[in-house]
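Taken in order, these protein sequences are the chains called A and B. This note's numbering puts the first residue of the first sequence at 1, with every later residue one more than the last. This note's numbering puts the first residue of the second sequence at 1, with every later residue one more than the last.
Simulated from the structure, these hints should not be mistaken for lab results. Check each hint, because a few of them may be wrong.
Any copy will do: because identical chains look the same in the list, a pair fits if it lies in one copy or spans two.
List of simulated lysine-lysine pairs, BS3-like, C-alpha gap at most 25 Å [said to hold, decoys possible]: (1) 277 x 49; (2) 277 x 89; (3) 148 x 121; (4) 128 x 238; (5) 32 x 49; (6) 277 x 32; (7) 89 x 235; (8) 277 x 14; (9) 30 x 128; (10) 180 x 235; (11) 238 x 58; (12) 235 x 114; (13) 89 x 30; (14) 89 x 14; (15) 148 x 238; (16) 58 x 121; (17) 148 x 180; (18) 49 x 29; (19) 114 x 30.
None of these values were measured; they are calculated from a predicted model.
There are 2 protein chains.
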Amino acid sequence: MSTSTEAPPLTFPKTPVPPNGPNPLGEGKKIKTAAALVIGDEILNGKTKDTNSNFFAKYCFELGIELKRIEVIADDEDEIVEAARRMVKNYDFVITTGGIGPTHDDITYASIAKAFNQPLKYDEETLKRLTAHASRRPDIQNQTPEQKVARERMALFPENAEVIFVGEDIWVPVCRLEGKLCIFPGIPSLFQRLLAGLTPYLPLPDTRPFRYLIHTSLPESSIAPYLTTLHERLKPEKIRVGSYPLLRLGVTVSLIGEDEARIREIGEEVVREVQGKVVDQTDATGTPKPV
Amino acid sequence: MSTSTEAPPLTFPKTPVPPNGPNPLGEGKKIKTAAALVIGDEILNGKTKDTNSNFFAKYCFELGIELKRIEVIADDEDEIVEAARRMVKNYDFVITTGGIGPTHDDITYASIAKAFNQPLKYDEETLKRLTAHASRRPDIQNQTPEQKVARERMALFPENAEVIFVGEDIWVPVCRLEGKLCIFPGIPSLFQRLLAGLTPYLPLPDTRPFRYLIHTSLPESSIAPYLTTLHERLKPEKIRVGSYPLLRLGVTVSLIGEDEARIREIGEEVVREVQGKVVDQTDATGTPKPV
Chain A
1 MSTSTEAPPL TFPKTPVPPN GPNPLGEGKK IKTAAALVIG DEILNGKTKD
51 TNSNFFAKYC FELGIELKRI EVIADDEDEI VEAARRMVKN YDFVITTGGI
101 GPTHDDITYA SIAKAFNQPL KYDEETLKRL TAHASRRPDI QNQTPEQKVA
151 RERMALFPEN AEVIFVGEDI WVPVCRLEGK LCIFPGIPSL FQRLLAGLTP
201 YLPLPDTRPF RYLIHTSLPE SSIAPYLTTL HERLKPEKIR VGSYPLLRLG
251 VTVSLIGEDE ARIREIGEEV VREVQGKVVD QTDATGTPKP V
Chain B
1 MSTSTEAPPL TFPKTPVPPN GPNPLGEGKK IKTAAALVIG DEILNGKTKD
51 TNSNFFAKYC FELGIELKRI EVIADDEDEI VEAARRMVKN YDFVITTGGI
101 GPTHDDITYA SIAKAFNQPL KYDEETLKRL TAHASRRPDI QNQTPEQKVA
151 RERMALFPEN AEVIFVGEDI WVPVCRLEGK LCIFPGIPSL FQRLLAGLTP
201 YLPLPDTRPF RYLIHTSLPE SSIAPYLTTL HERLKPEKIR VGSYPLLRLG
251 VTVSLIGEDE ARIREIGEEV VREVQGKVVD QTDATGTPKP V
């Protein structure tokens with residue numbers, strides 16, 4: 001086992017980012033909307049808690065992409081085909097997570113190939129990296145031919161997929177189909193690294209939203225009439241007003257828009273009107289903390 | 001403020017459970033499949049981490065209901081209408097969570113009413129409980145007429161909904177439409193209590209699945225050929241074989257079926273074949289612990 005740990009780490013070049021190269025959405029177009037397809041029986045039967053979709057939601061928000069929908073479906077070909085086709089039709093950026101391992105329940109690559117009427121084909125560069133990676137693992141080196149075939153299923157991609165290597169130290173690439181749909185593994189740490197690595201390859205929007213959170217201990221019904229008026233008033237400016245009660249701990253009001261100065265200005269008004277205070281924007285999942 | 005804490009707690013009777021009463025799915029029918037519709041911009045923009053769907057997934061599994069799909073959508077009437085209609089058509093038990101508060105972005109009751117072509121109507125019993133509840137809260141008692149209207153939106157339900165009071169100390173009921181679709185609040189603690197309270201009102205399946213988890217430190221590709229054979233062999237017995245890798249920490253194999261003795265028997269074989277050990281079935285989200 002010792003040789004594997006003593007050898008220098010394997011690295012492979014990333015796929016070059018086209019400087020002004022082809023945009024998969026078409027010249028000048030940017031990603032506006034997104035959807036996530038989480039594939040896995042283990043999420044639906046409660047064995048595993050999905051964390052990838054929340055990570056993706058934050059990722060989209062920070063980049064100015066509007067995440068419109070998250071769906072969790074079973075390891076089922078018909079379900080994957082239907083959802084993949086519909087999402088690619090409706091949104092600019094679609095990701096799938098899960099179902100790309102070597103076992104019988106890993107059917108994502110094959111199902112996506114079917115969804116877009118493509119045969120499956122081994123990707124030579126992925127095979128090369130996979131094999132180099134395996135050469136460092138004694139527990140993989142002596143596999144039987146059947147085990148090798150199972151392993152190489154992880155390099156069997158839809159024929160027309162773009163194969164994008166986004167990390168020098170990760171042999172798994174991101175496959176992109178139709179310029180939109182990107183296939184990711186389900187393992188959270190790997191998902192997160194690959195998603196972060198994919199960013200330079202995406203035609204991102206030019207602007208990013210700013211979020212302002214105000215907490216009040218008033219009951220939600222007491223601030224509702226003001227918020228309704230505010231919501232109507234801010235519609236023309238495309239500022240979104242949200243209201244999120246915490247059980248017996250008051251309400252967090254959220255303002256989201258692109259013009260930070262304007263959001264801060266409205267924020268001051270909201271603080272006065274709801275007798276609230278500005279709270280931490282990075283810890284918005286639980287009880288709010290003052291900034 | 002002191003009178004509110006000194007008064008005895010308010011309680012109201014639960015809706016009686018019909019002993020052999022009408023089954024909303026029809027005589028003798030049981031719930032087999034389920035779907036969850038999570039409604040809320042705050043999930044999609046990453047502000048809030050949805051925990052309700054995982055709670056629901058575990059709930060379904062424990063009761064022998066197959067959860068087929070989870071969807072997270074925006075506070076958007078068209079999206080709610082489309083998803084609610086489709087889910088009611090496709091599954092036996094559908095829940096929604098979120099969007100039932102007093103503010104402008106709480107549109108679930110109205111959207112569901114629209115989905116099933118019903119007007120909205122104030123529910124008298126809910127109004128009574130809501131008002132009694134409010135009488136204990138000095139911060140609500142002196143509300144303006146506009147604030148009262150906002151509050152009473154929480155009792156404005158689709159006209160043909162069954163209004164089921166599932167907890168003596170919670171004024172919020174569960175509204176059920178089409179015998180299938182149950183509307184829940186998004187606040188996790190409230191969601192969990194109401195879901196638990198709803199159980200006696202559901203036509204539950206007669207059998208529950210048994211899950212057995214085996215952990216191995218072998219690479220997933222090494223056990224793949226055996227698992228594929230096992231999966232094919234167990235298909236006629238309706239035993240499902242799953243395989244879930246943990247990054248650099250081996251693989252958890254899952255066996256799910258109704259016959260516990262048979263699952264344990266197969267489990268012993270799997271332990272031998274994958275050089276594994278049985279792991280804790282209640283802590284299946286992270287690194288497995290031996291039983």
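Hint by hint, here is what the structure shows:
When the C-alpha separation of residue 277 and residue 49 is checked against a cutoff of 25 Å, the pair qualifies only between copies, where the shortest distance is 22 Å, while the shortest distance within a copy is 33 Å. Proximity of residue 277 to residue 89 under the C-alpha cut-off of 25 Å is found in neither arrangement, the shortest distances being 42 Å within a copy and 45 Å between copies. In this assembly of identical chains, residue 148 and residue 121 lie within 25 Å of each other by CA distance solely inside one copy; the values are 16 Å within and 64 Å between copies. In this assembly of identical chains, residue 128 and residue 238 lie within 25 Å of each other by CA distance neither inside one copy nor across copies; the values are 49 Å within and 38 Å between.
For the identical chains of this complex, residue 32 and residue 49 are inter-copy neighbours only, at 22 Å across copies versus 28 Å inside a copy, given an alpha-carbon limit of 25 Å. For a Cα distance limit of 25 Å, the shortest separation of residue 277 from residue 32 qualifies neither inside one copy, at 32 Å, nor across copies, at 47 Å. With identical chains, the CA atoms of residue 89 and residue 235 are never at most 25 Å apart, being 28 Å at best within one copy and 35 Å at best between copies. Proximity of residue 277 and residue 14 under a CA criterion of 25 Å is satisfied in neither setting, with 46 Å inside one chain copy and 39 Å between copies.
Taking identical chains as interchangeable, the C-alpha atoms of residue 30 and residue 128 are never at most 25 Å apart, the minima being 33 Å within one chain and 52 Å between chains. In this assembly of identical chains, residue 180 and residue 235 lie within 25 Å of each other by CA distance neither inside one copy nor across copies; the values are 30 Å within and 36 Å between. Proximity of residue 238 and residue 58 under a CA criterion of 25 Å is satisfied intra-copy only: 20 Å inside one chain copy versus 39 Å between copies. Taking identical chains as interchangeable, the C-alpha atoms of residue 235 and residue 114 lie at most 25 Å apart only when they sit on different chains, with a minimum of 24 Å there against 42 Å within one chain.
In this assembly of identical chains, the alpha carbons of residue 89 and residue 30 lie at most 25 Å apart only when taken from the same copy (16 Å versus 36 Å across copies). In this assembly of identical chains, residue 89 and residue 14 lie within 25 Å of each other by CA distance neither inside one copy nor across copies; the values are 29 Å within and 46 Å between. Taking the shortest alpha-carbon separations for residue 148 and residue 238, neither the intra-copy value of 54 Å nor the inter-copy value of 28 Å comes in at or below 25 Å. Taking CA atoms no more than 25 Å apart as the test, residue 58 paired with residue 121 passes in neither setting, with 34 Å inside one copy and 38 Å between copies.
Taking identical chains as interchangeable, the C-alpha atoms of residue 148 and residue 180 are never at most 25 Å apart, the minima being 31 Å within one chain and 47 Å between chains. Taking CA atoms no more than 25 Å apart as the test, residue 49 paired with residue 29 passes in neither setting, with 35 Å inside one copy and 30 Å between copies. In the homo-oligomer, the alpha carbons of residue 114 and residue 30 never lie at most 25 Å apart, since the shortest distance is 27 Å inside one protomer and 34 Å across protomers.
Hints 2, 4, 6, 7, 8, 9, 10, 14, 15, 16, 17, 18 and 19 from the earlier list are contradicted by this structure; the remaining hints agree with it.
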